[in-house]
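Same order as they appear, the protein sequences are chains A and B.
Just so we're aligned, residue 765 is where the first sequence starts under this note's numbering, counting upward by one.
Just so we're aligned, residue -8 is where the second sequence starts under this note's numbering, counting upward by one.
Hints in this document: simulated from the structure, not taken from any laboratory.
One should not assume that every hint holds.
[As the list claims (entries may be wrong)] A partial selection of chain A residues facing chain B, derived with a Cβ cut-off under 10 Å:
1) A776
2) L778
3) G816
4) F824
5) P865
6) G876
7) F883
8) E886
9) F903
[As the list claims (entries may be wrong)] Footprint (simulated), chain B over chain A, 3 or more residues, beta carbon under 8 Å:
10) 779 to 791
11) 806 to 812
[To be verified] Over the 10 Å line for every Cβ pair with chain B, so calculated as not near, a few chain A residues:
12) E817
13) N820
14) D853
15) V888
16) R890
17) S898
Model, not experiment: these values are computed from the prediction.
Yeah, the Cβ is synthetic: ideal placement off N, Cα and C, and Gly gets one too.
Below, each chain spelled out in residue letters.
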Amino acid sequence: MLALVIVLKVPASLQYRDVAMRVVAAACKIYASDARTEGPGLFHEQVVSAFGEAFNNALFHAYRDLPEGQLIVEVGPAEGALEIRIIDDGRPFDPSTVPVPDLDALPERGMGLFIIRAFMDEVVYRPGPPNALSLRKRF
Amino acid sequence: MNFSIDRNAQATVLRIEGELDALSAPELRPSIEAIVNEAPKLVVVDLGALRMIDSSGVGAIVSLFKRVRASGGKVTVKGLAGQPLAIFQILRLDRVFETTAG
């Protein structure tokens, strides 16, 4: 577990996405108060955007066709970065097998991992159980 | 998420407010279907009051864009700012859509 961490446990359901995103946004203000926190394309918008996609992926991939599970979200500072861990008990998946979307073809899906990688400095997936996706963005 | 559709002589204006994401995007799909079926010449998507969008929401707007374009129409986006602008830029959609600030 991270030091000085916020821990949130929610049912793995879209209904709880908003509360999880609000916690991550609040964590940005606590831990990344020196980072630019307002305006387009800045720290907290990128972090919250990436987290939202990771939350969706856990629901749509890890827990697809499974009884409702839970997600644990940990947020805290780590080595000059904000780190978010999303832990699930669903199916593991290998992010390296996910193709990079052809943006020129105007895809309508399959953009989540691209957004995560574009907005975060480090993305590490550890298959479980439990599975853990760690996202880091430097302050 | 709230949305409204205003049809006038010049364009069909789709205004989306709040959050367009995996939870709310399915609510928009039937209205997108209705707009596409009208084969409009111009659709203006007003995102000036959109606070947050995710890839599912982007997928809905891209679907509207591609289908209106396929029937000979045009889709423009206005009012992009904040997080939605960051998402459109990272997905290079700001190059695809004709966008206006206001």
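Each hint tested on the structure:
For A:A776, the suggested interface contact is broken, since its CB lies about 13 Å from the closest CB of chain B, more than 10 Å. Given hint, A:L778 at the interface with chain B, holds; its Cβ is 4 Å from that chain's nearest Cβ, closer than 10 Å. With a cut of 10 Å, the hint placing A:G816 at the interface with chain B holds, because the nearest CB-to-CB distance is about 5 Å. For A:F824, the interface hint holds, since its Cβ comes within 10 Å of a Cβ in chain B; the closest pair sits about 8 Å apart.
About 8 Å separates the beta-carbon of A:P865 from the nearest beta-carbon of chain B, less than 10 Å, and the hint is met. Hint status for A:G876: holds, given a least beta-carbon distance of 5 Å to chain B, under 10 Å. Given hint, A:F883 at the interface with chain B, holds; its Cβ is 7 Å from that chain's nearest Cβ, closer than 10 Å. The closest approach between the C-beta of A:E886 and any C-beta of chain B is roughly 17 Å, which is over the 10 Å cut-off, so the hint fails.
Taking 10 Å as the C-beta contact cut-off toward chain B, the hint placing A:F903 at the interface is violated, the least distance being around 18 Å. For the segment 779 to 791 of chain A, the proposed coverage by chain B is satisfied: 4 residues have a C-beta within less than 8 Å of a C-beta in that chain, meeting the threshold of three. Coverage of the segment 806 to 812 of chain A by chain B holds [criterion: at least 3 residues with CB-CB distance below 8 Å; count 4]. The beta carbon of A:E817 is not kept farther than 10 Å from every beta carbon of chain B, the shortest such distance being approximately 6 Å.
Listed as outside the interface, A:N820 is inconsistent with that label: its C-beta sits roughly 5 Å from the nearest C-beta of chain B, within the 10 Å cut-off. With a cut of 10 Å on Cβ distances, A:D853 stays outside the contact zone with chain B, its closest approach being about 20 Å. Consistency note on A:V888: stated as away from chain B, and its beta-carbon is indeed over 10 Å from all of that chain's, at 20 Å minimum. Under the 10 Å C-beta cut-off, the non-interface status given to A:R890 relative to chain B holds; the minimum distance is some 23 Å.
Consistency note on A:S898: stated as away from chain B, and its beta-carbon is indeed over 10 Å from all of that chain's, at 20 Å minimum.
Hint violations for this structure: numbers 1, 8, 9, 12 and 13, all remaining hints satisfied.
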